[in-house]
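**Student:** Construct the complete structure from the given sequences, taking the supplied hints into account.
Sequences listed follow chains A and B, in order.
Mapping of the first sequence onto the working numbering: residues 8 to 660, in sequence order.
Mapping of the second sequence onto the working numbering: residues 8 to 660, in sequence order.
Note that these hints are calculated values from the structure, not bench results.
A hint or two may mislead.
A pair holds if it fits inside one copy or across any two, identical chains being indistinguishable in the list.
[Unchecked claim] Calculated cross-link-like contacts (lysine to aspartate or glutamate; reagent style EDC-like; alpha-carbon spacing at most 16 Å):
no., residue 1, residue 2
1, Lys-244, Asp-16
2, Lys-20, Asp-262
3, Lys-371, Glu-617
4, Lys-457, Asp-524
5, Lys-457, Asp-514
6, Lys-220, Glu-550
7, Lys-244, Asp-135
Protein chains: 2
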Amino acid sequence: MALKVVSPDVMHKTEAGAVALGLASEGEVVIEGRRLLQAVAQRAPGARIAGLLVQAMAPRGQEVIIGATIDPTFGRLVAFGMGGTAVEVGRDVTFSLAPLDREEARRMLDRISGAPILRGVRGQPGVDHEALVELLLAVSRLISEHPEVSEVDLNPVVVGERGALVVDARLLLAEPPPAPEPSPTQDEILREMTRLLRPRAVAIIGASAETGKIGNSVLRNLIDGGYRGRIYPVNPKAQEILGIPCYARVEDIADEVDVAIFAIPAAAVIEGMEQIGRQGIRAAVLIPSGFAEVGRPDLQRQLQEVARRHHIRFLGPNIYGYYYTPDSICATFCTPYDLAGPVALTSQSGGIGMAILGFARSAKLGVSAIVGLGNKADVDEDDLLTFFAEDRATTCIAMHMEDLKDGRAFLEAARRVSPSKPVIVLKAGRTGAGARAARSHTAALAGDDKVYQDLFAAHGVVRAPGLRDLLEYARALPMLPTPRGENVLIITGAGGSGVLLSDACVDEGLELMAMPDDLDLAFRAHIPPFGAAGNPVDITGGEPPSTYRATIELGLRDPRVHALVIGYWHTIVTPPMVFAELLVDVVEAGRRAGNAKPVVVSLAGDVEVEAAAALLFSHGIPAYPYTTEIPVEVLGAKYRWARATGNLPAAPA
Amino acid sequence: MALKVVSPDVMHKTEAGAVALGLASEGEVVIEGRRLLQAVAQRAPGARIAGLLVQAMAPRGQEVIIGATIDPTFGRLVAFGMGGTAVEVGRDVTFSLAPLDREEARRMLDRISGAPILRGVRGQPGVDHEALVELLLAVSRLISEHPEVSEVDLNPVVVGERGALVVDARLLLAEPPPAPEPSPTQDEILREMTRLLRPRAVAIIGASAETGKIGNSVLRNLIDGGYRGRIYPVNPKAQEILGIPCYARVEDIADEVDVAIFAIPAAAVIEGMEQIGRQGIRAAVLIPSGFAEVGRPDLQRQLQEVARRHHIRFLGPNIYGYYYTPDSICATFCTPYDLAGPVALTSQSGGIGMAILGFARSAKLGVSAIVGLGNKADVDEDDLLTFFAEDRATTCIAMHMEDLKDGRAFLEAARRVSPSKPVIVLKAGRTGAGARAARSHTAALAGDDKVYQDLFAAHGVVRAPGLRDLLEYARALPMLPTPRGENVLIITGAGGSGVLLSDACVDEGLELMAMPDDLDLAFRAHIPPFGAAGNPVDITGGEPPSTYRATIELGLRDPRVHALVIGYWHTIVTPPMVFAELLVDVVEAGRRAGNAKPVVVSLAGDVEVEAAAALLFSHGIPAYPYTTEIPVEVLGAKYRWARATGNLPAAPA
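**Tutor:** Here's what the structure looks like:
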């Protein structure tokens, strides 16, 4: 028998010493009952005791945990994890949005690290998966269909070969959260964001003739950047600025203005918003800081109230502004950026925005847009995703974020966009310490990181582990064709690189193709007899360009090979630029012949390899000097995206 | 009762269905005994059955595994891990060299992920650690003192609050391995390596006048590199090469030559070694390939035999040669390198050697030596460690390796060197797939990676996860002063960087200092009221240079702060170079005042931050643009080194 103290004041029975197990006789129950009551009196003084519960011992089996909770970012979630003491240490748990469907419930069972134990190891039988699926669905219904339920905790659930038994359960009830406000339609959001990011006319509130002032930098950048729309500086003290007629007040502008860019102190912004609202301007870019981030959430709320009243959508406050290169718009006080390309980048923080700008310029990264989100008092990531989804200039979206205002809206937008355009996210505040810093920075509650990890993966979002990864993924992913299968082949001139590239492939969860005999023979025809067989194909170091060419052509041509990782070794026989040019030639010929496959390159050599890498990048081939990891990491990110978005069959082809 | 089938042919009883547990009566034993015998007959047909073993059930408790084995690289090892099905999935196990001492046995219990379970979680009591320590020591004696024992497996061991019970045990016996040859003394190795790496006179066997030939490149590099010793080209077909008199045969050189550098085909090398041996030359650099790596281990064995007979120590074969900058020696066919500095780098692979060279040149990394090890038919990592330990030019050693010929010798050398000079290792072939590639490349058996991980850490070796990490660690570690405690403080101009830097600190196992109230007040005196309190110190983005200066000075001065991570945000108010110069100034003043602390910098900004990073690096301050991860990674590596080598008290100061 099992014996438990029942008390409304004891939530965690084991910790309170309120549980005794495996009692065999009435006498034991009596003795243990006394002991338990003493233990509880000691560990939880004053706890009200409702009684003692005697139950049959649960059958032996695997302990798991099933639960549900309301997450401040994502709303109602279902959780599943391994139970017992192991879960305390390993935290082997996974989350999913409620309500679940049966397929997702099954995937949850497979997603935890302990999944092999559930399937059965060392000759032991697996557990009853369908019984767990039914419980997950029941818990999902409980949290979804009963607004007063705020938490469900079935812990432990003992599951065996047949059936699952809930040994202990608790439910928490709470005041149901208010119903969310009705969201605008996708079409409305798209229209509003298009107005905001592609304005035909802009007003600069606080334009200035004084160099160094934000209102001067913004105006100068719009002009120097080559913006072809109409520009209206607004400043009561100037007749004209930088050769453009200036207006004393917004009301004086006769034209229809799409966007007002604010470059005035925080204290004046709310009145400014009233003015543009009265003029019918429906979009604003709020550069000024001085709101929630400096401890003035009241000002920020006023801002939101005015904007709502006038139907104004706005970016910020507390941002650097934004770039939209297809229209040559640099609506920012930072330096102009004009290298147009397929990547849209956003950042919540201004510092990270500057790092994006610097990296992009240094790496010659073509961008469609760079957008600062700052305090996100209005426009946030899902609004931008809706715009970028339809934006023909954008094929890849990379976002830095510290929190999400509405996790569900973001996931829904990401799920729509990501199959056609990779969505890459750097979620800051991943760790406990990081999350604390996020709170003090933006007063935002950063949710448990595992929740983000599971939900991002389930909705096709590619997560970048760090800032440099975000930038490298953004640079490489739009270049790489979508792989048609899991077979990765390494071709290397340096055996040593081959080993490290193999290590990196395993780290990234990539499948090193098992080399078919006929293909092995075909490779052997091109390489010295002592070159290594199999995968990596080691062509050895002293080989001429023709060997690189022949083997890479073979890899591109053979339909069983789905992606190539090339390890180049700088030698006198095949210098870096000769290699780079031949690789461009071979890859472009392959594309023309319909063999577009992801090709990434690691370059081991003297400094000349840097120019070779730049040449390869300029032809759409991601190539990196002095590293065997980064090329494989970007390929790994492409594969994660392809798998998560259904662009690659789940089973290896 | 527990019931087991006893058979010499059944090694893994559970898998064979040969175990029944929890039997309560004679009847059950009889029934289950029949069932087990049937199961074994089915799953292991033909297995000889010695009988059935009836035992009392083990008491409830935590299952652990204790074992010992002979590793091809490191010899006799003791293993400890969590038992039960969890170990099959999580592989929560740790290794140590046998024989163990009591302290190391205790550390093993703390090193596994399940250590908290052993200490007791959720109010449950911990297990009897001393009982496990005694078992570990017993197993250690068994494998150390009985050469015929090749494997010990106590699995499971059930451990409770008092005592531990070995439930099942197996021992494997084998022919004891031959006793190792007597090793030379440290003094001998040092003398030999000094002769090899700091020769007063070299002969180039196969010197050539023809550009592009290896024998030409080596001679040219020695001359152009500024080598001040005597150079003797050897080539029967030339009178002089590059203005230096040439000798037809080694025997014709009247001088005492320290090193012969071979640039002739593999087939001629063995005869050449005989000749130099007869001449009394005691060191050689064997550039040629064509030995074990091309499937000719026989040639390599001949080489070793000739060398042993003539007492010749040699590098290679199959290498690019080596650089030793204090003597301006470029004994290699690669391009010369002359930026002298504190880092010695070695690589097993030529490709990785070229990547080292290129990165070093690009990053302006000062090196003392770059050495190719290739097939390691003679000289290997522990020989070089012995040399670098005494080499005054070297303060940090970075090594790329695919295998170790003698793991114990390496660990002993590393343990001697690492407390005074960090030893950083990139161990290739870490993963299963990587290990396979290593075998085909060097015919070397790459051991289980977990063994390397545990033994490296226990001997003070800093492991680099990838090639770029090896290079970044090598660049930064010699610059960073040793921290005097665990308190890391982040000071940042960009709140967004602060969050990412915090994430990175947690990832690297760094301790974010809990901010004392008085110090918090002191920081607040310098920053705006809305700047974030605590750690990170967020000075906010619009601040002038004086704010960076005051806060960083405060962090350097306060003895409770042990390391600083600085997040810079590019603004007009504090441009990149202004920041870099003030930081150099503050850090150098701190050093003069005795406040030498590790300071690392993340630079978020436009491309001007690249020049700022270069300036900071040139003053010994590791600084990185567009990344919040790398500065924290190098600081983390410094901390790992300091903790593992006793340079930092184990408990947070």
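**Student:** Name the hints, by number, that the structure is in violation of.
**Tutor:** Result: hints 1, 2, 4 and 7 break, sorted rising.
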